[in-house]
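Input sequences plus hints: build the corresponding full structure.
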Amino acid sequence: MVNKRRNKDLSNRVVFMAILLVVLVSVASIGVYYNFLNNYNSNLSDGENIFNNDNQINGKVSIQIVKNEGKTISDENVNLNQNFEG
Amino acid sequence: MSDVSNKTIVGLLMVALVITVIGTIVSVGKMNTLNSGYLDLTGAATSASGTTTLQVDSNTAIVGVVTSLDFGNGFINATASNCILDTEGTRQSNVSCVGFNNLSQGFLIENTGNSNISLNMSCSGNCSAAEFIGGTNPSFTYKVTSANTANDQSGQSSSNDTGVSCEEGWHNSTYSEIGQLDVSTYYICGDATTFNFSYGDLVDAVVIDFNVTVPEDANQTDSQLNATFTFAAAST
Numbered sequence: 022m023v024n025k026r027r028n029k030d031l032s033n034r035v036v037f038m039a040i041l042l043v044v045l046v047s048v049a050s051i052g053v054y055y056n057f058l059n060n061y062n063s064n065l066s067d068g069e070n071i072f073n074n075d076n077q078i079n080g081k082v083s084i085q086i087v088k089n090e091g092k093t094i095s096d097e098n099v100n101l102n103q104n105f106e107g
Numbered sequence: 013m014s015d016v017s018n019k020t021i022v023g024l025l026m027v028a029l030v031i032t033v034i035g036t037i038v039s040v041g042k043m044n045t046l047n048s049g050y051l052d053l054t055g056a057a058t059s060a061s062g063t064t065t066l067q068v069d070s071n072t073a074i075v076g077v078v079t080s081l082d083f084g085n086g087f088i089n090a091t092a093s094n095c096i097l098d099t100e101g102t103r104q105s106n107v108s109c110v111g112f113n114n115l116s117q118g119f120l121i122e123n124t125g126n127s128n129i130s131l132n133m134s135c136s137g138n139c140s141a142a143e144f145i146g147g148t149n150p151s152f153t154y155k156v157t158s159a160n161t162a163n164d165q166s167g168q169s170s171s172n173d174t175g176v177s178c179e180e181g182w183h184n185s186t187y188s189e190i191g192q193l194d195v196s197t198y199y200i201c202g203d204a205t206t207f208n209f210s211y212g213d214l215v216d217a218v219v220i221d222f223n224v225t226v227p228e229d230a231n232q233t234d235s236q237l238n239a240t241f242t243f244a245a246a247s248t
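Chains A and B supply the protein sequences, listed in that same order.
Here the first sequence is numbered in the numbering used here, starting from 22 and rising by one per residue.
Here the second sequence is numbered in the numbering used here, starting from 13 and rising by one per residue.
By construction, these hints were calculated from the structure, which means they are not laboratory data.
A few of these clues could be false.
As the list claims (entries may be wrong) - Reference excerpt, derived from the structure (chain A facing chain B, CB under 8 Å, subset only):
(1) Leu41
(2) Ser47
(3) Val48
(4) Ile51
(5) Tyr54
(6) Asn79
As the list claims (entries may be wrong) - Pairs of lysine to aspartate or glutamate residues, derived as DMTMM-like cross-links and limited to a Cα-Cα distance of at most 20 Å, are as follows:
(7) Lys81(A) <-> Glu100(B)
(8) Lys88(A) <-> Glu100(B)
(9) Lys88(A) <-> Glu228(B)
C-beta atoms are modelled at their ideal positions from N, C-alpha and C, and glycine is treated no differently.
Here it is in structure tokens:
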């Protein structure tokens, strides 16, 4: 009688664990499968840009006009450094 | 572990069943969305021949090869009334212009996409001659030249151009005042509905040159003055 009772307990545990395992595996596999399909779908999307290029650019023009210290250059071939020193 | 009743086991079975059914529905539904856009993709061949499809999308892209033009700093020689600078390597001699950089290349912009585009430009900052230079009768002008006839088109990502890159011809091909660009965007090739800036390797670049006349009484500043230009491309 006792052995029969123990066998039933053991059998119930095995069934319980098996069903629990089925539940867990089902949940896990659904998650993995869903992720896989989701990624597969997005990788196939034709809205994805492979090359990301600019279609707008900026350019800058700069100048600075400084004060003429009153010096005069009469020869364009003159060495400017020498001409303005002293 | 206490005894697990049949009711509990049945309950767990029902939970497993429900989860499995829902998961199947969700997964199959997800797979079904693949069919909506990719009917040509098949996991298994149904005939001896297969179909591979490839779509090359239109790509609008420009590259600024030269985007900074610095005339440097300098002044007007006391013997001259003004100094003329440009980006085509023809700065006046030191008799007039003292210390400025002699630039030989303007902005160089290349269509690196795979479709014809339109190109417009606008300016912000010190765009007018009065703001950029100041003094009596200053001038700050620009002109647009197809790269193949520009003074210098070096630096392109591929080959230098050999033909006109804007099919209708570039707008403002002679020097024009920049002030107008301060208030509106100006198309230098094509327009909102016309796309004539080519992408072919030998016809895909443009040079924008600048010419500056600095009078003897031009504004003297402690730092550089800048005019910033924005070039925007568009296609169908």
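Okay, the hints, checked on the actual structure:
With a cut of 8 Å, the hint placing leucine 41(A) at the interface with chain B holds, because the nearest CB-to-CB distance is about 7 Å. At its closest, the beta carbon of serine 47(A) sits 5 Å from a beta carbon of chain B; the interface hint therefore holds under the 8 Å criterion. A least Cβ separation of about 6 Å between valine 48(A) and chain B falls short of the 8 Å threshold, and the interface hint therefore holds. Checking isoleucine 51(A) against chain B by beta carbon gives a least distance of about 4 Å; that is within 8 Å, so the hint holds.
The criterion of a C-beta within 8 Å of any C-beta in chain B is met by tyrosine 54(A), whose closest approach is roughly 5 Å, and the hint holds. For asparagine 79(A), the interface hint holds, the least distance from its beta-carbon to any beta-carbon of chain B being 5 Å, beneath 8 Å. Taking the CA atoms of lysine 81(A) and glutamate 100(B), the gap is near 16 Å; set against the 20 Å cutoff, the hint holds. A threshold of 20 Å between alpha carbons decides the hint, and for lysine 88(A) with glutamate 100(B) the separation of about 26 Å lies outside it, so the pair is violated.
For the hint linking lysine 88(A) to glutamate 228(B), the alpha-carbon distance of about 10 Å falls within 20 Å, and the restraint holds.
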